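Peer 1: We have chain A already, so just place chain B on it with the hints.
Top line first, the protein sequences correspond to chains A and B. First residue of the first sequence? That's 1 in the working numbering, and the numbers climb one at a time after it. First residue of the second sequence? That's 1001 in the working numbering, and the numbers climb one at a time after it.
None of these hints come from the bench; they were simulated from the model. The structure presented is a predicted model; accordingly, all values stated were derived computationally and were not measured. Where is the CB? At the ideal position from N, CA and C, for every residue including glycine. Hints should not be assumed to be uniformly reliable.
On the chain A side, residues computed to face chain B include the following (Cβ under 8 Å) [unchecked claim]: (1) Arg10; (2) Asn130; (3) Ile133; (4) Leu150; (5) Ala234; (6) Ser235; (7) Gln258; (8) Tyr266; (9) Leu276; (10) Asn284; (11) Asp288.
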Amino acid sequence: MTFPLPQATRQWKEKLQAGFRAFAGDKTALACLTLVGGYVFFAVFAPIIAPQDPQDLAQIELIDARLPPLSLGASSFFILGSDALGRDIFSMTLYGLRISLTVALISATGALVFGAAAGLTAAYLGGWVNAVIMRVVDIFLSLPAILIALLFIAVFGRGVENTIIAILAVQWTHYARAMNAAAAGEINKDYVLAAKLLGLSKPRIMFGHILPNCLAPIFVIFAVQLGYVIAIEASLSFLGLGLPVTQPSLGSLVADGQEFLLSGAYWMSLIPGFVLLLLVFAMNVVGDRIRVLQNPQLQRR
Amino acid sequence: MIGALARKTLQTASALLATSFLVFIAVYLIGEPTALYDPLIREDPERLAALRERLGLNLPLHEQYLRFLANLLQGDFGESWVYQEPAVMVILERLPATLELVFIAMVLAVVLGYPLGLLAGLSRNNSYAAFIERAAIFGYSTPTFWIGLVLIYVFGVWGNILPTIGRGESITILGGEWSLVTLDGLSHLILPAVTLALYEIGYVTRMVSTMTQETTPKDFIRFARAKGLPQKRIVSNHIIKNTSIPLITIIAIETGALIAGSVITETVFGWPGIGKLLVDSVAALDRPVIVAFIMLTVCFFLILNLVADLLYTIVDPRLRQPAGGTA
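Same shape as in the complex, but just chain A (with noise of 0.2 Å):
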């Protein structure tokens, strides 16, 4: 705090700047990122784009049913088709983006918060509350991440609040870990002795100077599992126990699309099935290069 503001952002930008420089020297990664770019563009402004609402039954004509891509309907033109109501899968396609990116930030952010706190505090404190905080987060680390979702939706039922729960109760293991880990490294530095010294309050110390100097492992792990949260919660929609109807994710039109696979009508399930997987794939590749890039042991020497 001793920096006037003004070079501390100048720092920040050159950092940034140079993290920039050093991502884009993989050009895979750069194209990855600049499709999440452009799905985050396409999922912000789906309604503008989208040339029907699928919610919107005045604008749907069952005379449109089950048509495949690039034909012309009686109420559009359907670039990807048409679901078996008449629906728009380019539309449905859209918005699901939405909904799924939209779910995945949701959830993904709060196990981040709820990790970040318990692995921090777990540390701090010490002592047994640090032993059974991470004595759980073990248990939950050993179970696959589908069996503890299944059981949260068992418990608390089916529903966008209790998906959002789920991936949490998946996800915040691995902040609470990270955190964990980075916070014991800081607890006996000379400046959190000097916290204690002038008598700040334990959360003061804990999330006022401590957790500044924890964020960058968090943030890798934002990055690396982002993709791994739209998967989950694709999954769950698609076994039906996710998201509920009136709120189809991508992962629910593959689900919905799936019956009329097998009559040749491929386009309802594995297009929407397509944007996902490039979707997660660009994440997947943009986390891994962050990754990378913060493991001085995986970069070539």
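Peer 2: Relative to chain A, chain B alone:
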């Protein structure tokens, strides 16, 4: 060695106890268990009281938990509300179908993933290696259900070469139904097994590649190089040996993950294993089956972890030293 074994076993037991407690809280405390019974019983105070007594809901909480625990130890998870037979039996009947699926998938994953990962990890700046690594990320980014549907479309609808739904003819061996041994069974097994394996091939490839990259810059490899050992021997004697230890853990843990992860594959292909059973049970709120499933899987997982730890001790002599080390 015995001390380490005892300590690990104790840890496993305490983790199991903790899980049983968590499951008890999750399943028996949230919501009123009688809410799912016939309204005729629920709205009659006398019959409700009788039901609560029969289910042990009138007892204090700690006694309810002890009762729950005692039943668990006897393998009694209650009767499935859907199938009207003991929950454990419902699961065990479907276990062989899942086991054969997982077995084939795991074999595919190791046989294909290990060499690919080694290749990618050894030649870092090679564009070919970078391609393998991206392909691996692609492999584990692909949603299982999407791959399954593509395979169904290509081989079932388009080509009409392979069966896409259900399990083939099976033969009873050792009390279980196995379809692995019949031709019809094998043909039904191919598509689901490949679907399940795809994620795992990507995962194993990436893990092996990362482990190889982390091993190659280490001092003992550099020393071997300085000593003039040929690359072939460095790889076979040092890198493979050192990456195979973590690989054992990965295989052990991933076998469990595949069993639980077969949920989606089994749903796509209508495969009558325990994964599909779990989805159906969650959808139908068949509580005894869900509890039995979770307890058995957790148990299985912790035992897998224990076995992996013990195998570690056998493969890596440093861990055999008396307690106090990093083991």
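Peer 1: Hint Gln258(A) vs chain B: min CB-CB distance below 8 Å?
Peer 2: holds, 6 Å
Peer 1: Can we keep the Arg10(A) interface hint, with Cβ of chain B closer than 8 Å?
Peer 2: Constraint on Arg10(A) not satisfied, violated at 34 Å.
Peer 1: With 8 Å as the cut and Cβ atoms as the points, is Asp288(A) at the interface with chain B?
Peer 2: With a minimum Cβ separation of about 6 Å from chain B (threshold 8 Å), the hint on Asp288(A) holds.
Peer 1: With a cut-off of 8 Å, does the beta carbon of Ile133(A) approach a beta carbon of chain B closely enough for the hint to hold?
Peer 2: This hint is violated: Ile133(A) lies away from chain B, its Cβ roughly 12 Å from the closest one there, beyond 8 Å.
Peer 1: Would the stated hint for Asn130(A) survive a check requiring a Cβ distance to chain B of less than 8 Å?
Peer 2: Nearest chain B Cβ about 16 Å off; hint violated.
Peer 1: Please check whether Ser235(A) passes as an interface residue: C-beta within 8 Å of a C-beta belonging to chain B.
Peer 2: holds, 6 Å
Peer 1: Does the nearest C-beta of chain B fall within a distance shorter than 8 Å of the C-beta of Tyr266(A)?
Peer 2: holds, 5 Å
Peer 1: When the nearest CB of chain B is found for Leu276(A), is that gap smaller than 8 Å?
Peer 2: holds, 6 Å
Peer 1: Under 8 Å, Cβ to Cβ, is where Asn284(A) needs to be relative to chain B, so tell me if that hint holds or is violated.
Peer 2: holds, 5 Å
Peer 1: Using the nearest Cβ pair, does Leu150(A) come within less than 8 Å of chain B?
Peer 2: holds, 5 Å
Peer 1: Min Cβ distance, Ala234(A) to chain B: is it shorter than 8 Å?
Peer 2: holds, 6 Å
Hint compliance for this structure: hints 1, 2 and 3 are not met, and every other hint is.
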